[in-house]
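Heads up: the protein sequence lines correspond to chains E and P, in order.
According to the numbering used here, the first sequence holds residues 1 to 518 in order.
According to the numbering used here, the second sequence holds residues 1 to 80 in order.
Worth double-checking, as some hints may not be accurate.
As a list, the in silico BS3-like pairs of lysine-lysine whose alpha-carbon atoms are at most 25 Å apart [claimed, not checked]: (1) E/353 / P/45; (2) E/129 / E/47; (3) P/45 / E/367.
Have a look at the derived ranges for each label pair, beta carbon to beta carbon [said to hold, decoys possible]: (4) P/17 / E/78: 32 to 38 Å; (5) E/8 / P/34: 51 to 57 Å; (6) E/11 / P/50: 30 to 36 Å; (7) E/51 / P/19: 36 to 42 Å; (8) P/46 / E/499: 31 to 37 Å; (9) P/19 / E/177: 40 to 46 Å.
Just a few of them, taken from the derived set where beta-carbon distance is under 7 Å, the chain E residues facing chain P [as the list claims (entries may be wrong)]: (10) 75; (11) 87; (12) 123; (13) 124; (14) 175; (15) 177; (16) 178; (17) 345; (18) 348; (19) 349; (20) 362; (21) 479; (22) 482; (23) 505; (24) 511; (25) 515.
Hints in this document: simulated from the structure, not taken from any laboratory.
Ideal Cβ positions, reconstructed from N, Cα and C, are used throughout, including at glycine.
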Amino acid sequence: MIGNIDMSLVDWSRAQFALTAVYHWLFVPLTLGLSFMLAIMETIYVKTGREEWKRITRFWMTLFGINFAIGIATGIILEFEFGTNWSNYSWFVGDIFGAPLAIEGILAFFLESTFVAVMFFGWNKVNKKFHLVSTWLVAVGANLSALWILVANAWMQHPVGMIFNPDTARNEMVNFWAVLFNQVAVDKFLHTISSGFLLASMFVLGISAWYLIRKREEQMAKKSILVAGVFGLLSSLMVAYTGDESARTVSKVQPVKFASMEALYEGKNNAGLIAFGVLKDTDKKIGEKKVKEFAFKIQIPGLLSVLTGGDRDAYVPGLKDHISGNEKLGIVSTAEKMQRGKYAREILTSYIKSRLNNDSAQISAIKGVFRDNDFQNKYFRYFGYASIEKPEDVIPNVTTSFYSFHLMVVLGFLFIMIFSVALYLLFKGTISDNRWFLWIALLSIPLPYIAGELGWLLTEIGRQPWIIQDMMTVSKAVSQISTGSVITTFILFAVLFTGLLISEVSIMIKQIKTGPKH
Amino acid sequence: MKPNNSLLNRVFHFYYDGFRNMSGWGRRVWVIILIKLFIIIVILKIFFFQDFLYKNWHNDKERSEHVLDQLTNSSDNYDR
């Protein structure tokens, strides 16, 4: 059954998924954040009764509407790709993925067909309070919708709350709450929505800055900057806090990804956090994989130990510890995990043979093994290692992981500074005079988009070679379809999404130039 | 004749008036939405994104057997 499929099938399938996800993520975060900003602005309008705030809300609602409409349904393509390109994976994850995605679909349908319509069509038709409630429900609904997708993604990073059924070849959910409150899901949800809030704040700040540069709509721009500045500063602090929490969780559940993020090959006590670093190639190797070293680095001594272990002397394991194992720390070597994975695969193979031979005694005995917690925790959790050829294959691309993480962190601190300066200049009453800052704010609009994409790059590249951490490799997940059709759809998507992006930007620019209705 | 003030009627008119009085940008994005949905749901789904397992195997038993075969095969699903 297994044919000789070209290696490029996996690469093209990955590239196609990455392209779709990257474009999809250009539309989503603005919806997440701007919906809450609209709710805040409209609340001020309802509370104060000042028409100025209604005008401001309606202007930003127009831009929200453009983004919402263009972005809607771009995520459906990802679901198509699961069924076509990643069928083994789709089947294997079973209802763990299906349940959250179904909830998301239902939520999105009700949200989009009702409350979004009230938001846009309901001005002067429904009473003020009902309209306000609808705007808040759109914001809450959009963010809850994101929750379910992130729960599904978190399960791929840290699979919990399920048991594998050898009869159906699917993982079955046994604990919904464990899946929902998976620590990775909680961290990911909070970090992602706060990054969306930040991005929307920068969007509002940057466009308002443009109006001030052009000396237009100054009252609206300053009021918008007030909301964007406060919301943006709080969001960027929340992004920093949740990012730190997220990194701690990664250090526990995806330690190889964590070591790669820091390019930490040798574990150490009193490990420093790299504030800035440049990597270079060396002749040293782990197995056949080349080791990177720092050509230059600035580090904060002891901070990595403090952040992960609670004190300066805490030992932070490096990539070598995870590959070779560290008995003192209870780290199982990759070679041992490969043995355990192969054992789990042998048991599964015996089960298939028993089924073919109708050996009911053997079937019943092996089913018992699969229900045994010891087998699940010690062996089946490493099932994916059975497909690993060499221990060093579990190391992701260190260069990409390191730079995407550190650039994201640098940008995070830059955002805190920008929002702080915006508020300082606004309260000082000199924001319109400081054109240098207005230009920085305007030119910073793309930066949170870049930071968000870098975050996803780290999440997904840092997890390689796994599609489901420790349980399934990417190469096992792919369907045997023709590479040509994947290339065709890749090009189709590139054209479709680029067209959508151009449409969005051009319609938005036109509306921004038109400005709010007087 | 008594005007029809049922909830259904009011909801219908709410949407009807909303779409009729839509601004220029609203009309433009609706055109984009419809083109996009046509491409995604009609062209992509039907011609390019058929579910691989549902297309090639008749029932869940066969599908699970295929996936088990893939999972237990010692080589990757592609040649390096």
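Results of checking the hints against the structure:
no.	hint	result
1	E/353 / P/45	violated (37 Å)
2	E/129 / E/47	holds (10 Å)
3	P/45 / E/367	violated (38 Å)
4	P/17 / E/78: 32 to 38 Å	holds (35 Å)
5	E/8 / P/34: 51 to 57 Å	violated (35 Å)
6	E/11 / P/50: 30 to 36 Å	violated (22 Å)
7	E/51 / P/19: 36 to 42 Å	violated (26 Å)
8	P/46 / E/499: 31 to 37 Å	violated (20 Å)
9	P/19 / E/177: 40 to 46 Å	holds (42 Å)
10	75	violated (10 Å)
11	87	holds (4 Å)
12	123	violated (10 Å)
13	124	violated (11 Å)
14	175	violated (23 Å)
15	177	violated (27 Å)
16	178	violated (23 Å)
17	345	holds (6 Å)
18	348	holds (6 Å)
19	349	holds (5 Å)
20	362	violated (16 Å)
21	479	holds (4 Å)
22	482	violated (11 Å)
23	505	violated (12 Å)
24	511	holds (6 Å)
25	515	violated (13 Å)
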